[in-house]
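These protein sequences, in sequence, are chains A and B. Every letter in the first sequence is one number past the one before it in the working numbering, and letter 50, counting from 1, is 50. Take the position in the second sequence, starting the count at 1, then add 1000; the result is the number in the working numbering.
FYI, nobody ran anything at the bench for these hints, they're computed from the structure. Computed from a predicted structure; not experimentally measured. Watch out, some of these pointers could steer you wrong.
Below, computed lysine to aspartate or glutamate pairings styled on DMTMM-like, alpha-carbon distance capped at 20 Å [what the hints assert, rightly or not]: (1) 166(A) - 242(A); (2) 1252(B) - 161(A); (3) 1252(B) - 375(A).
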Amino acid sequence: MFGDSADRGRWEAAVFEPERSAVQRAAATAGFDAMQFRAELRAFCRDQVPADIRQQIGKHQYFSREQRIRWQRLLQAQGWFVGHWPKAHGGQGWGQLQRFIFIEELERAGTPWLTHFGTSFLGPVLCAFGNDAQRARFLGPIRDSEEWWCQGFSEPGSGSDLASLKLRAERGESHYRVNGQKTWTTMAQWADWIFCLVRTQASGRPQAGISFLLIDLKSPGVTVRPIETFDGGQHVNEVFFDDVEVPLANLVGQEGEGWAIAKFIVSRERLLVTEIGKAFHLLGELHAIAATMKLGLGDTATFRRRAAELEVQYRSLRATAYAAVIEAEAGREHPIDASLLKIRGSELQQAIFDAITDLLARNGLAFQIEGIAADIVGYRHGDPRLPGLLHEHLHSRAASIYGGSNEIQRGIIAKTELRV
Amino acid sequence: MDAESQALFAAMLERYNRDGYDASQWSEYGLSPQGYAPAQWSEMQAMGWFELLRPDDGQAAAPLADLLPLFASAGEALWREPIGNVLAEPVAVIAAMDDGERRRELLAGLISGERPLAYAHREPGEGWSGEIAATTTKTAAGYALDGRKTMVVGEAACAALIVSAIDPEMQAPALFLVEARAQGLGAQRYRTLDDLVAADLSFSHTPAERLCSGCPAIQRANARGAILAAAESLGIMRGANRDSTEYLRERKQFGQALLGFQALQHRLVEMHMRQHECEALVASVAEAFDDQAPDLDRQLLVLRVQISRALRHITREAVQLHGGMGVTQALRIGRYYKRALMLDSFQGTADWALEALSELR
């Protein structure tokens, strides 16, 4: 991390947030002690993050597949990785509030993002829609991070307008024959399996012809091709299906139930998209960077005002997020909350990166691409943490695009709030 | 240049960008150690553009206003070739020289393309203050230079460097010429965010030739660089606005072209409005430069604030309006975004310029 820990400490102390009593009450109703749970998570993140991962956190470098798996297993050793699964399926039956606090604390410590396709999406889908054989086959490897899942929703012509998707699955005697393409598939290059929305029926209402299929990426006819993104990292891929045979047993739920399952998935982690803990972590970085700047440039009135603006946004967003989570925990989820949090969460993250980048610009930005995942060998211009931060800045531009763009989210709010 | 010649020049540049500058080679250019394509650079040198520098009517160089279309084209098509080495800061330094013979020599080297010069002024440390710590001492043959310079663009393509350093007799900044292969000159190159190559330089008792005193030549050189960077920014704005409008016209979701949504139209309108404001401002500040306007320092800061804000806004919106495609390397939109960040780093952020403007008396 930039500067000494005292620089971060000052920010952390300044925004020290005692557990709100509303959160404590909601937690007590849900059967856990919010303050104690948070304290436990903080101690874990302080003491148990492996040294190599801690170093990468400080440099904002991209974590490897192996590091992510190792971290997930450490969390599961505490029963936390699938804490939100039902007890009957190996989880702890956490509600939304406990899961939210869990993710917030991991983000505050800067730890690797949990690839949620398996644990947050498919796991709960199988618990709710799957059959016993599917649960017996797939849940264990997700829980133990033995199989890596990715999500096949978007297609070249179907981004925001998902219901128009075309990936065709034709039913045969024992197999579906799958043909077509998915795109923007996050981390498919690391995945063993993909769950896909496929079209099993071409006529009728577009939503009604969509089904949910589990596909082994090692199947003949599957090709994963990386998409080069402007941050120089690899996150997303195109996945092509050419006469891929998928056993009928890999259909989850009924044919035509895919759209309902997709909506279930979207509703699962709706409030977590706020990434409020990540915003806290990045604001700490911003203050630490400012404190290390010579000539007091990080201490100008302009900078202080800008940092204050960000604090206003951060605190408002956190209050809004917790209000939404508490309501959701009580089963009174407001239809616009998720969209609002997605919009404001991505805007805040981008605003913080803009401020960080503007501070760093005074040193003359450089971007040495090898610094994304490993230390730069040979000459480097500027601080070794720069490449990682710039990489994250660029990546943050996608936060207002993926998972339903901010334009789509505003459309949802308009529909609900204005009844248009 | 009269209006008619200007229009011809602009049309010729547009043709060049369409037919002569192969954007599909961007990634290949990026792999070369110097960060650009030498063959493309030779082609540019043969285009006759550098003739724009040939003095007439006793002027040291042609008006800056004539060069704006060239830098706008460079911005729009994302040229990697170091045209600034020939047309930007060095020209202002040469114009400030007393020795007419040497001045004509250096200018001839620029125009012929044989001796491009890189401008090395900024020193390691923070900000755009322009503090100079590099020093010189007198030697039997001339001067020897010691110090460090950073973020030097086009160093890989220059015959010699123009370096700012303290003059030992005046105890004030002056400008010196250092041959690219001079003894005691060390260069560390690195790739920048926009896939170009910059260099950090170290000088250790490096032989140098004194060109002129630093003030006001440094101010003129920086102003020239800033205005041409603003022209480059204009080109990026034009390209980003054009591409975004076309993309929304073609891309269909929910059964209609995205351009049909009024909410998106208004976003594009804001981008276009900002571009138009900048077009006018760049032209007026370039005129002020040519006329040596007394308040040029204020105008330059106004320009910086407006250009930085508009360019960051437009490139940010262009990425967003392109959706996932905007963050890929396949389109030029993402490259525009990164170039915008780099230009802030070279020229100063809006925050900084606004602060500096508020402190001017």
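Each hint, compared with the structure:
1. 166(A) - 242(A): holds, 14 Å
2. 1252(B) - 161(A): holds, 9 Å
3. 1252(B) - 375(A): Violated, because 43 Å separates the two Cα atoms, which is more than 20 Å.
Of the numbered hints listed earlier, the single one contradicted by the structure is hint 3.
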